[in-house]
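Throw the hints in and build the complete structure from the sequences for me.
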Amino acid sequence: MDYGAFVEGLVFYLFAALAVLAALGVVIARSPVRSALALALVFLALAAMYILLNAPFLAVAQIMIYAGAVLILFLFVIMVLNPRLDIIGARGRGQTFVAIVFTIALGVLLIATLASGQIAPTTGKFTPEFVASIGHVQVIGTLLFSEFLLPFEIASVLLLIAIVGAMTLARRERVPHAESKRDLR
Amino acid sequence: MLTVNHFTILSAVLFSIGALTVLIRRNPLIIFMGIELMLNAVNLAFVAFSHFLDDMSGQVFVFIVLTVAAAEVAVGLALVVAIFRARENVDVDEIDMLKG
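Taken in sequence, the protein lines are chains L and B.
Those letters in the first sequence? Residues 1 to 185, by the working numbering.
Those letters in the second sequence? Residues 1 to 100, by the working numbering.
Derived by calculation from the structure, the hints in this document are not laboratory data.
Careful: at least some of the hints might be erroneous.
Stretch-level coverage of chain B by chain L, calculated; a stretch enters the list once three of its residues show a Cβ under 8 Å from a Cβ in chain L [said to hold, decoys possible]: (1) 8-16; (2) 19-28; (3) 47-61; (4) 73-82.
Using N, Cα and C, we set each Cβ at its ideal position, and we do this for glycine too.
What follows is the structure, encoded as structure tokens:
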């Protein structure tokens, strides 16, 4: 067994274990802040996976967008709302039990399906050598502005709508309701 | 030697844990975290297939998923804040005014 493959396997199993344990931490932590921090660990472990999969741009984007923006937003909202310690489990005991059974069934089904499959020998154009010769970011940028231009533009419009929507939803109502209406007239 | 199956199985495990989070927790913030976990699991599968098939479309798709997830979190957390202002309580089992 050559050295490179050994290190690759070691890194994979290390970060896979980290990701699964941290994900379990999200489920069982009683304090929302601890859940959020466990989620940060999952994001970081997945960023390591992306580097292992020759996707450095996505690894950086993962850290910046998820671990940076999304998680900070979560923590801000947790700090603003200051929720009580959460009770684990749905309202009825039966529902929790059924949920666990069905989730395990879902996991077994997914793993059985995915483990039995094999992918075809590669035929794609973007071999690691080809990507390395141009540069990973350049390849993604070129694809985004040529083949995937429409989804890219739609995503930008979606972000604009989300900004406006979030501001409208979270805005505080004017306190004397009738007065502000009269002022408008 | 790592195959695509290693990554897809990890992705399946993470997806299941995310689904479990959505089903058994009552705090909407943690339910959102479960949704994020599921989105990340799917992203991992996309990148794994993209790598092993030598095709970059999967990675571009992950980039789009990242933007949609960011938008979803912004709107979702705004909803949670709005509900908290109105109800002083963010237990999903008690927010049931819309049921028929």
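The hints, checked one at a time:
1. Here the segment 8-16 of chain B counts 9 residues with a CB under 8 Å from a CB of chain L, which clears the bar of 3, and the coverage holds.
2. Counting residues of the segment 19-28 of chain B whose beta carbon lies closer than 8 Å to any beta carbon of chain L gives 8, which reaches the threshold of three, so the coverage claim holds.
3. For a cut-off of 8 Å, the count of residues in the segment 47-61 of chain B with a CB near a CB of chain L stands at 13, and the three-residue condition holds.
4. Under the rule that three or more residues need a Cβ within less than 8 Å of chain L, the assignment of the segment 73-82 of chain B holds, with 9 such residues.
In this structure, every one of the numbered hints holds.
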